[in-house]
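> Sequence:
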Amino acid sequence: MPIQRDERIDSLRGLFLVVMTIDHFKGLLWRFVYQSPGFVSSAEGFAFISGFYFAMVYLRYVNEPGKLIQAAGKRAFLIYKYNMAILFGLIAMTYLVPMYQAYWAEWLRSFHQNPVRSIVADLLLLQTPNWLDVFSMFIFFVLSAPLSLLLFHKNKGWIVLLLSLFFWGLGQFGYSVAAITKMFFPEAQPGYFNLFAWQLIWHLGLFFGYRAARGFKNAWLDSKFILAAAAGLASYLFLTRHGMLATPFDVTSHLKVTDLGPLRVLNFCALAVLIRAVLRYIPPDRGLPWFSFLGKHSLQVFAYQLVLMYLLMPFNERIIQAAGLTGHTFYVLGMTATLTFPAFWHARVRNGKLVGEVPFW
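When we follow the working numbering, the leftmost residue of the sequence shown carries the number 1294, and every step to the right adds one.
These are computed hints drawn from the structure, not numbers from a lab. We treat Cβ as the ideally placed atom computed from N, Cα and C, and that holds for glycine. Among the clues, some could well be false.
[Stated by the list, open to error] Within a straight-line C-alpha distance of at most 25 Å, the following computed BS3-like cross-link-like pairs (lysine-lysine) qualify:
hint: 1; residue 1: K1360; residue 2: K1374
hint: 2; residue 1: K1475; residue 2: K1367
hint: 3; residue 1: K1360; residue 2: K1447
hint: 4; residue 1: K1319; residue 2: K1549
hint: 5; residue 1: K1447; residue 2: K1510
hint: 6; residue 1: K1360; residue 2: K1475
hint: 7; residue 1: K1449; residue 2: K1510
[As the list claims (entries may be wrong)] Distance ranges between label pairs, derived from CB positions:
hint: 8; residue 1: N1448; residue 2: L1626; range: 46 to 52 Å
hint: 9; residue 1: R1410; residue 2: N1356; range: 40 to 46 Å
hint: 10; residue 1: W1583; residue 2: R1324; range: 21 to 27 Å
hint: 11; residue 1: R1324; residue 2: A1512; range: 50 to 56 Å
hint: 12; residue 1: G1508; residue 2: K1367; range: 26 to 32 Å
Please take these sequences and the hints and turn them into a complete structure.
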């Protein structure tokens, strides 16, 4: 049975896509949107909501494990196809256009050093250029999700959360898929994000999505103590992030994006609690139309955004120098507006499907 869309969540997902696009372009707008609420980026929000929606959509198969695994595998394979298409498109561009070869040389260094070995590692998702590693992470997330949902359904969610915390802890001590890959392929480039650490955000989203789908209210999140603690922590880290407060000790190592440091996780959780408190006063059928539209087609929009970045990044600094920060700002806004195109295309493609169907990503 198709689930009902939540325009609020779709709007947030679309907003995160827009902010990610602006972040990649840098420039004037980037100064205002990058980690503006604190030591949290749009990537954390996007990962959380994707896990949340996965549980909401695929919980309907939880009594039929075979169908659940099949549906997750189908979704993971779709993401894999997008990943490979963009990767080999990027490699082809570096051969056809000298400017791209020079600009992306470092990100594709292992391919030029050992093409066959590199392609095998790419196909196995053991290495990937920056940005595309998000796809690789999500493929692993989706493939592992059926087991997590089945454990949630059997009231053994504590096992999932404990294992998730364990792997996140390993990530804090430098353990990662990258470290394992480099044991066998020293020149491999496994991407930017540490899968061991970032799976925590996905599993938190999966957990709360499961509870939402089952109708659990999470009333403890509405307690005055939790809300006050979240507001206090979020305010403190917001002021620290913007240089209005000094910390008594060096917190840099606890805020790393790559390994999702502990203070970054706490900052995200505090903001998530506060956003949830605000969303309770907004009806589920109310959202921000353009952002919601992008959020409904987030896989296609994200893939398009990556293609846009790989095509346009070599020209970014030149545009800033030629047009100045003001001109570059209008350029970024124009490019961000084109995110509508893949969403519109996918909406047309899906026209014949069930109106209420919600892909998790």
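> Do the beta carbons of R1324 and A1512 sit within 50 to 56 Å of each other?
Since the Cβ atoms of R1324 and A1512 sit about 39 Å apart, the hinted range of 50 to 56 Å is violated.
> Holds or violated: 26 to 32 Å for the Cβ distance of G1508 and K1367?
With a Cβ separation near 27 Å, G1508 and K1367 satisfy 26 to 32 Å, so the hint holds.
> Is it true that the C-beta distance of R1410 to N1356 lies inside 40 to 46 Å, as the hint says?
This hint holds: roughly 44 Å between Cβ atoms.
> Kindly confirm whether 46 to 52 Å is satisfied by the beta carbon distance between N1448 and L1626.
holds, 49 Å
> Next pair to validate is K1447 with K1510; report whether the Cα-Cα distance is within 25 Å.
holds, 19 Å
> Would the pair K1475 and K1367 pass a check requiring their Cα atoms to be no farther apart than 25 Å?
violated, 29 Å
> Is the hinted pair K1319 and K1549 satisfied, with a Cα-Cα distance of at most 25 Å?
Between K1319 and K1549 the Cα gap is close to 19 Å, so the pair holds against 25 Å.
> Take the C-alpha atoms of K1360 and K1475, compute the straight-line distance between them, and say whether it is at most 25 Å.
violated, 36 Å
> Are W1583 and R1324 spaced within 21 to 27 Å by their CB atoms?
holds, 23 Å
> Given the hinted pair K1449 and K1510, is their alpha-carbon gap at most 25 Å?
Holds: K1449 and K1510 sit about 19 Å apart, inside 25 Å.
> Can you confirm whether the C-alpha distance between K1360 and K1447 stays at or below 25 Å?
holds, 17 Å
> Under the criterion that the straight-line Cα-Cα distance not exceed 25 Å, is the pair K1360, K1374 satisfied?
holds, 21 Å
Of the numbered hints listed earlier, those contradicted by the structure are 2, 6, 11.
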